[in-house]
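Once you've looked at the hints, dock chain B against the given chain A.
Chains A and B, in that order, give the protein sequences.
Following the working numbering, the residues of the first sequence are numbered contiguously, the last one being 76.
Following the working numbering, the residues of the second sequence are numbered contiguously, the last one being 130.
Take every hint as true, because none was put in to throw you off.
Taking lysine-lysine pairs in the DSSO-like style, the calculated list, with each CA pair at most 30 Å apart, reads:
| hint | chain 1 | residue 1 | chain 2 | residue 2 |
| --- | --- | --- | --- | --- |
| 1 | B | K74 | A | K10 |
| 2 | A | K41 | A | K10 |
| 3 | B | K5 | A | K26 |
| 4 | B | K5 | A | K41 |
Simulated from the structure, these hints should not be mistaken for lab results.
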Amino acid sequence: MTERKIVDGKGSFCPGPLMELIVALKHSQVGDELEVLSTDKGSADDIPEWVRRVGHDYVSTTENDGVWHIVVRKTK
Amino acid sequence: MVGQKICVVVISGTLERLQAAAMLASVAAVSGQEVRVFLSMNALPHFIKGSTAEAPHEGPMGDLMKARNVPEFKMLFEQAIELGDARLYPCSMAMDVLGIGSEQLEDYLGEATGLSRLLTEVQDGQVWTF
Chain A
1 MTERKIVDGK GSFCPGPLME LIVALKHSQV GDELEVLSTD KGSADDIPEW
51 VRRVGHDYVS TTENDGVWHI VVRKTK
Chain B
1 MVGQKICVVV ISGTLERLQA AAMLASVAAV SGQEVRVFLS MNALPHFIKG
51 STAEAPHEGP MGDLMKARNV PEFKMLFEQA IELGDARLYP CSMAMDVLGI
101 GSEQLEDYLG EATGLSRLLT EVQDGQVWTF
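The following block holds chain A by itself, in its conformation from the complex (with noise of 0.2 Å):
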């Protein structure tokens, strides 16, 4: 079963939203997705490159108010 897991990192400053992903990712099983809040747009923009890096799957980024929602899957 995959479950989205969402990640709070608003309130932090590069690289903090990416480092909290990815203690929640060690946490996580293959395939499920987690969901990154960020209120910095470098992390929003550095994000999806670290996952295209390392080899995950980049699903989504979408802004709301201010918070951006980065979506990402687990993939080993």
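Below, chain B without anything else, positioned relative to chain A:
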């Protein structure tokens, strides 16, 4: 995995440089790169156990970072070790000058390292100096 080994040489003890070095080390480590950090000169005293001295700011970015919720540089270095293949080495010369031993430094630091060892480490990697 991705990328090559990087060696980060931190000489400055200012907040901006320590922060930039810690950001680079942590993101490279969690991207699967081997990271070796060499701490010398004014950078090393920040890694003495119980050190509470605040890193001096070089300019306005340092002041701004303090006021915002920027991850603390020592925490980022620890995360680099914990979540990736990063090692931090104290410079043996700086330790001699400070008159300290390994037991007085943070537990997550590796063994005292001299220049010959550093030169061996950097042979097959990129070198970044802060």
